[in-house]
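A.B. asks: Please take these sequences and the hints and turn them into a complete structure.
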Amino acid sequence: MTAHGRRRTRPLTLNHEPEAVTWAREKAGLTKRALAECVGISEQLMGEIESGWRSATPANLLRIAAALNCPIVVLERKRHGAP
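The sequence shown begins at 1 in full-length UniProt numbering and counts up by one.
Hints in this document: simulated from the structure, not taken from any laboratory.
Backbone N, C-alpha and C fix where the C-beta goes; we use that ideal spot for every residue, glycine too.
Computed Cβ-Cβ distance ranges for the label pairs, DEER-style: (1) N69 <-> T9: 30 to 40 Å; (2) R7 <-> G29: 34 to 44 Å; (3) P11 <-> L62: 16 to 26 Å; (4) A59 <-> A28: 16 to 26 Å; (5) R7 <-> K27: 32 to 42 Å; (6) P71 <-> R7: 30 to 40 Å; (7) R7 <-> A28: 33 to 43 Å; (8) G47 <-> R77: 11 to 21 Å.
C.D. replies: Structure follows, in structure tokens:
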């Protein structure tokens with residue numbers, strides 16, 4: 001439970017694929033701390049983005065892609081249309 005008495009839950013929708021962010025970061029040879037510093041966010045937030053506990057804002061996702069020299073489409077959540 002949080003300090004406010006509510007149970008913490010994962011976001012219903014994410015702007016990114018957590019596994020893709022981790023894969024691209026590792027491929028670039030960066031630690032979470034190093035990537036967070038490049039992006040201008042905390043190491044804790046970077047960890048939450050990679051684990052799927054927080055959704056990366058569009059601006060942060062752009063900065064992550066730029067820091068990893070990676071096309072943003074690789075990191076974005078894949079949207080599936082209706083059948």
